[in-house]
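Residue numbers (the numbering used here), protein chains in the order written: chain A, -3 to 242; chain B, -17 to 288.
Hints were generated in silico from the structure; no laboratory data involved. The reader is advised that the hints may include incorrect statements.
[To be verified] Pairs of lysine-lysine, DSS-like flavour, derived with a Cα cap of 25 Å:
1. A:K222 - B:K65
2. A:K41 - B:K191
3. A:K116 - A:K55
4. A:K189 - B:K191
5. A:K220 - B:K65
6. A:K220 - B:K191
7. A:K62 - A:K0
8. A:K41 - B:K197
9. A:K220 - A:K236
10. A:K62 - B:K191
11. A:K226 - B:K197
12. A:K220 - B:K288
13. A:K220 - A:K189
14. A:K0 - A:K55
15. A:K(-1) - A:K226
16. A:K236 - A:K226
17. B:K65 - A:K226
18. B:K(-3) - B:K191
19. A:K236 - A:K222
20. B:K288 - B:K278
21. A:K62 - A:K116
22. A:K41 - A:K123
23. A:K55 - A:K79
24. B:K103 - B:K197
[To be verified] Only part of the chain A face toward chain B is listed, based on derived beta-carbon distances under 7 Å:
25. L38
26. Y42
27. R117
28. A155
29. E205
30. M215
Please read all numbers here as calculations on a predicted model, not as lab measurements. Just so you know, even glycine gets a beta-carbon here, dropped at the ideal spot from N, CA and C.
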Amino acid sequence: MYKKDIYTILSNEPLTPVVYRMVLEGDTQYVTRSGQFINIELEGKYLRRPISVSDYDAKTITIIYKVVGRGTEQMQGMVAGQKLDILTGLGNGFNTENEAQRPLLVGGGVGVPPLYNLCKRLLSEGKRPTVILGFNTREEIFYYEEFKALGVDVHCSTADGSFGTRGFVTDAIRDNGIEYDYLYTCGPLPMLKALYDNTSCDGEYSFEERMGCGFGACMGCTCKTKYGNKRICKDGPVLKRDEIVW
Amino acid sequence: MVKHYDLSVELCGVKLTNPVIPASGTFGFGREFADFYDLDCLGAISFKGTTRDARFGNPTPRIAECTSGLINSVGLQNPGIDKVISEELPHLRQIFHNPIIANISGFSLEEYEECCAKIDKEEQVEIIEVNVSCPNVHNGGMSFGTQPESAAEVTRRVKAVTTKPVFIKLSPNVTDIVAIARACEEAGADGICLINTLLGMRIDTVRRKPVIANKMGGFSGDAIFPVAVRMVYQVANACNIPVMGCGGVSSASDVIEMMMAGATAVQVGAANLKNPYAAKEIIESLPEEMERLGIKRLSDIIGIVK
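Only chain A is shown next, with the shape it has when bound in the complex:
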């Protein structure tokens, strides 16, 4: 189920020059899984802006977004106290109901945020997650310390080698000799594909696509899977490894 409601901005602060964290206060009862997203109405914009939920509790939803266009530029300028019309509880999210005890979480760029709540959830279920964060440069890194503060092993890769393993997340997995029994990942398509090709472990991959409505009505974001057509917004954004068609 979903909720369309008015949410109040509690804070909106930069994590890097182009990545912001916004905390929203309001009804969070329909956010039920890590990896779901919300869809934000912005003044003067016809379509809402879908942003993944990074964390949530009984009263707040935290999102982390990158300023990439007019809509997110508008969000960047928002201040505490402002109100937003938002649809919450969208998307399937990650499923943690499995036997895996040592899951690996791999995030790339703005694919990192939804893994934060997932990591907390896995820890609360008594599992031992390892986290790998991939960025282009040291300056782009965010949430490295926040993940560390959860008490999990965190590794970084940067494309230019300015921090952690030089190269991609797949290099970081290899160089650190990480052992794991399940994979949760979110990030740019080439990263997801590289993980799929370079690992054999079962897992869940969170995808991105240009959306119209965000709740399954317009069929704008449909993708093909081994088990038929799926809407990224409604049947996804998380797909199981065995159903992915590249």
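Since chain A is already given, all that's left is putting chain B on it; use the hints.
For chain B alone, kept in the frame of chain A given last:
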């Protein structure tokens, strides 16, 4: 004092409690919206454009935002007529108890004939809406709706195999909408629905490529409302069959304006995608708008503007 406002209208003998109908392609088969509200407040529902075979549609990305609207190039993704009849229609009937409008599209005269004949046998369907105006498919859809002769031919063939009221859904991407509407009327159409989306395009200036994989798509949303009102007005004044107005409707005021232009019923499309409660909220605010404008019975204002 509680005033009574009569919102009911009648389309070819089909009684609607109010004139507001979610437009085909923006409402699926109702499932997603039933998670938001009780669908029975809607006058009718026009379900997702259905073809003979299941279709994936066009490659993604197939959505592009615009000022006051969006472009889509979904390309008639649907499960195919047989699955619509066996799965979607029975489910829609469970969650919705007012008239169902079946939107049928095709790539050949035979396909229109076959699908319309099949859906005509379904008692849950009250009206057949024949889509000859989808801009997102090649060798079908819109190509039938841009010439009076071909639009009339589809109409004749469908009318020959059906018993329910047949509305032809027309494209605005034509030079003379009246000639096409008249040709459909003469070929036996029971009503006209217009407008479908306007052919549009956006370019990503950073990538120097079209935003949409298929390059072009159908433009809808608030921005096209004046075009829709104009075409509804022209067609309603030139034809003697009822018109369902569609295009950029997003408020009760828009519904009334469209009806004054000549629409008997009004479809709400893209607004549903922006606000899932759009159709419901429009219906709820109709009485207030009627009071403001001194309207007691909505049906009184159909085509009142000459």
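Okay, the hints, checked on the actual structure:
| no. | hint | in the structure |
| --- | --- | --- |
| 1 | A:K222 - B:K65 | holds, 19 Å |
| 2 | A:K41 - B:K191 | holds, 22 Å |
| 3 | A:K116 - A:K55 | holds, 17 Å |
| 4 | A:K189 - B:K191 | holds, 23 Å |
| 5 | A:K220 - B:K65 | holds, 18 Å |
| 6 | A:K220 - B:K191 | holds, 23 Å |
| 7 | A:K62 - A:K0 | holds, 23 Å |
| 8 | A:K41 - B:K197 | holds, 22 Å |
| 9 | A:K220 - A:K236 | holds, 13 Å |
| 10 | A:K62 - B:K191 | holds, 22 Å |
| 11 | A:K226 - B:K197 | holds, 23 Å |
| 12 | A:K220 - B:K288 | violated, 50 Å |
| 13 | A:K220 - A:K189 | holds, 15 Å |
| 14 | A:K0 - A:K55 | holds, 15 Å |
| 15 | A:K(-1) - A:K226 | holds, 22 Å |
| 16 | A:K236 - A:K226 | holds, 12 Å |
| 17 | B:K65 - A:K226 | holds, 16 Å |
| 18 | B:K(-3) - B:K191 | violated, 48 Å |
| 19 | A:K236 - A:K222 | holds, 10 Å |
| 20 | B:K288 - B:K278 | holds, 20 Å |
| 21 | A:K62 - A:K116 | holds, 22 Å |
| 22 | A:K41 - A:K123 | violated, 42 Å |
| 23 | A:K55 - A:K79 | holds, 15 Å |
| 24 | B:K103 - B:K197 | violated, 38 Å |
| 25 | L38 | violated, 11 Å |
| 26 | Y42 | holds, 6 Å |
| 27 | R117 | violated, 24 Å |
| 28 | A155 | violated, 20 Å |
| 29 | E205 | holds, 6 Å |
| 30 | M215 | holds, 5 Å |
Hint compliance for this structure: hints 12, 18, 22, 24, 25, 27, 28 are broken, all remaining hints hold.
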